[in-house]
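For the record, the sequence lines run as chains P and Z. Numbering of the first sequence is given in our numbering, commencing with residue 35 and proceeding in unit increments. Numbering of the second sequence is given in our numbering, commencing with residue 179 and proceeding in unit increments.
Treat each hint with caution, since some may be false.
[As the list claims (entries may be wrong)] Partial selection, computed: residues in chain P whose CB lies under 8 Å from chain Z: (1) Q82; (2) A90; (3) G92; (4) G141.
[What the hints assert, rightly or not] Label-pair ranges, simulated between beta-carbon atoms: (5) L252/Z x T135/P: 16 to 24 Å; (6) G86/P x T189/Z: 13 to 21 Å; (7) K259/Z x K43/P: 21 to 29 Å; (8) R52/P x R237/Z: 44 to 52 Å; (9) T41/P x K259/Z: 21 to 29 Å; (10) T222/Z x I94/P: 44 to 52 Å.
Since the hints were derived computationally from the structure, they do not count as laboratory data. Where is the CB? At the ideal position from N, CA and C, for every residue including glycine.
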Amino acid sequence: DSGVTQTPKHLITATGQRVTLRCSPRSGDLSVYWYQQSLDQGLQFLIQYYNGEERAKGNILERFSAQQFPDLHSELNLSSLELGDSALYFCASSLRTGTDTQYFGPGTRLTVL
Amino acid sequence: GQSLEQPSEVTAVEGAIVQINCTYQTSGFYGLSWYQQHDGGAPTFLSYNALDGLEETGRFSSFLSRSDSYGYLLLQELQMKDSASYFCAVRDVSGSARQLTFGSGTQLTVLP
C-alpha cells in the first residue's frame, strides 16, 4: 500500500459524458501527478500539480482538466468522453517536485461505452 | 523530447537470472528509474541510477552507463511473483524538469 488513494476504483459511463476522478496523496506529499495507461500501453504523463499549482503538462487533451485543492487532494475531470478514453488512470505523489521516486495509487479503471 | 526502448517481452524460469535492457535518448539527463507493475496494479518504484555503475537492492540490481545511454535491470533468483511488467523511465529536463517519461514496458513471465 503506497498511501495514495484513488476513487472510484471502477467507472463505467457513456460517450459524451463527464466524470471526475479523485486522488489523495500520501500524507505530507505536495506533488500530485496524473497518468493514463491504455490497454497494453505504457504510462502517459498527463499533468502535475505541486502545492496547488500546475507545474507540468504532458499530452493532456483539452477535454481533460485537473486541479489540486488546499488540502492537497486532486481531481481529474474528463469531459465529452470518447471510446478511446477508456483506460486506467493513475495518480502518483511525491514529497518534492522533480523527483524520480513517485508513489502510485491503485488507479481508476474507466470504461466508456 | 525523449524516447526509451526496452524489449516487449522476456521469459525465464524460476531461480534463473534475467536482464531487462533500456536504451534512452533525451535532450537532458538526470537519471534512470525502474518501476514494476503487476497486471492491473499500481506501478511501484524499484530503483534509480543517476551515476554510472551498479546499484543493488536485494535480488534486484540496476545498472547505468551514461556514455552509452543505456541501463538494465537485473533480477536474480527469479520467483513466480516477479512475473510483471517492468518500466524504465527518465526525467524530462528539456522543459519543466518535473515530468517522467516511461518506456513501453517489458512483460516478464517467470515459468515454473
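We went through each hint and held it up to the structure:
1. Among the interface hints, the one on Q82/P holds; its C-beta lies about 6 Å from the nearest C-beta in chain Z, closer than the 8 Å criterion.
2. Interface hint status for A90/P: upheld, as the beta-carbon distance to the closest one in chain Z is roughly 4 Å, under 8 Å.
3. Annotation: interface hint on G92/P holds; nearest CB of chain Z at approximately 6 Å, less than 8 Å.
4. Given the 8 Å rule on beta carbons, the hint for G141/P holds: about 6 Å separates it from the nearest Cβ of chain Z.
5. The beta-carbon spacing between L252/Z and T135/P, approximately 20 Å, falls within the hinted interval of 16 to 24 Å.
6. Taking 13 to 21 Å as the suggested C-beta distance range, the pair G86/P and T189/Z does not conform, at roughly 46 Å.
7. Our hint of 21 to 29 Å for K259/Z and K43/P holds, since their Cβ atoms are close to 23 Å apart.
8. For the pair R52/P and R237/Z, the supplied restraint of 44 to 52 Å holds, since their beta-carbon distance comes to about 45 Å.
9. The supplied range of 21 to 29 Å is met by T41/P and K259/Z, whose beta-carbon atoms lie about 27 Å from each other.
10. In this structure the hint that T222/Z and I94/P lie 44 to 52 Å apart at CB is violated, the actual value being about 24 Å.
Comparing the model with each numbered hint stated earlier shows that hints 6 and 10 do not hold.
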